[in-house]
Amino acid sequence: MKKIILLYSLFSIFCSLSFIACSRPAQNGAKGQSIQIKGSDTIVNLVQVWAERFVENKPDLNIGVTGGGSGTGFAALFNNTCNIAMSSREIEEKEKVIAEGKNIEPVEFKVGLDGLAILVHKDNPVDKLTISQLRDIFMAKITNWKELGGKDLKIVILSRESNSGTHMFFKEHVIRNGDKTSKDEFSVHSLLMPSSQAIYDEVLQNPNALGYAGMGFINNQVKAVSVAVDENSQYVYPTSDNVLSGKYPVSRPLYLYTNGLPQGLTKDFINYALSEEGQKIVLETDFVPIITINPSEIQEIHET
45 MKKIILLYSL FSIFCSLSFI ACSRPAQNGA KGQSIQIKGS DTIVNLVQVW
95 AERFVENKPD LNIGVTGGGS GTGFAALFNN TCNIAMSSRE IEEKEKVIAE
145 GKNIEPVEFK VGLDGLAILV HKDNPVDKLT ISQLRDIFMA KITNWKELGG
195 KDLKIVILSR ESNSGTHMFF KEHVIRNGDK TSKDEFSVHS LLMPSSQAIY
245 DEVLQNPNAL GYAGMGFINN QVKAVSVAVD ENSQYVYPTS DNVLSGKYPV
295 SRPLYLYTNG LPQGLTKDFI NYALSEEGQK IVLETDFVPI ITINPSEIQE
345 IHET
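In the numbering used here, each residue carries its 1-based index in the sequence shown increased by 44.
In short, the hints are calculated from the structure, not lab data.
For lysine to aspartate or glutamate, the following EDC-like pairs were computed, each having C-alpha atoms within a straight-line distance of at most 16 Å:
no., residue 1, residue 2
1, K190, D171
2, K198, D180
3, K102, D312
4, K215, D228
5, K172, E191
6, K195, D167
7, K224, E134
8, K291, D274
9, K172, E275
10, K215, E134
11, K267, D171
12, K195, D171
13, K198, D167
14, K267, D245
15, K166, D245
16, K267, D167
17, K154, E134
18, K224, E137
19, K324, E96
20, K185, D228
21, K138, E149
22, K215, D180
23, K215, E229
24, K324, D285
25, K291, E275
26, K172, D274
27, K227, E216
28, K224, E136
29, K190, D180
Computed from a predicted structure; not experimentally measured.
Start from the sequences and build out the full structure, keeping to the hints where you can.
Okay, structure coming up:
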């Protein structure tokens with residue numbers, strides 16, 4: 045069996061193809077077995093493509109890929125109802141405590157990068173915002189587009205639900221601006237949407253709406269605004285190059301988690317995700333691949 049590269053530190057270590065009705069994930073490595081993958085809606089499409097390519101010429105292998113949010117993925121991992129949890133955020137300390145209490149050892153794999161796009165209706169004249177302005181919008185301190193140079197229309201705030209890793213990332217890095225002591229929250233007037241697709245769909249048809257979603261949702265039917273750290277900083281559009289360089293201020297890593305070091309088919313799948321072919325799929329699905337790997341940051345998982 046091939047060795048798999050586990051990335052720590054800087055590179056610390058999806059309609060599904062087939063939904064398998066079971067209470068526990070199948071053991072890996074046996075003929076006719078399956079892999080269950082659950083979690084982040086942000087990367088569910090990416091993981092689905094990985095799964096489609098991975099099972100080519102493997103007629104006895106089934107992979108189930110379902111979303112529901114990063115928190116849902118961790119819960120499934122802790123309850124032994126999936127082999128891999130997808131997440132658009134790092135595991136939280138309270139989740140580590142829960143895992144420890146259930147004898148689960150979460151192992152983290154960084155598989156790509158994402159810029160979180162701020163989406164508005166394509167006819168909205170506002171095309172740039174600062175982090176402070178975004179914070180004030182989502183806390184309902186700014187409530188009308190005219191305050192931002194737009195039309196005299198009430199801003200409709202769209203957010204993901206609280207079990208979403210995207211929701212947590214936005215709260216921590218925009219609402220709280222990285223301040224771990226802050227207790228600031230989204231406005232109670234925010235409309236909580238069940239998925240990034242739901243945010244996109246609402247922005248598509250609502251001229252007043254503003255929401256956030258992964259870069260994969262950017263197209264010519266909606267508009268992504270440029271974002272600056274503050275008024276004295278450069279406004280940066282969410283592109284792969286700007287995320288990879290660190291210029292775009294609302295960006296994040298994307299993760300897969302397993303219970304302990306992966307083995308069997310689970311190990312092969314993650315190896316595929318981190319391979320050259322797998323990372324090309326990251327780019328194909330509008331995320332940012334991990335291109336440069338520092339040898340000092342690489343650790344191999346040996347056969348156990």
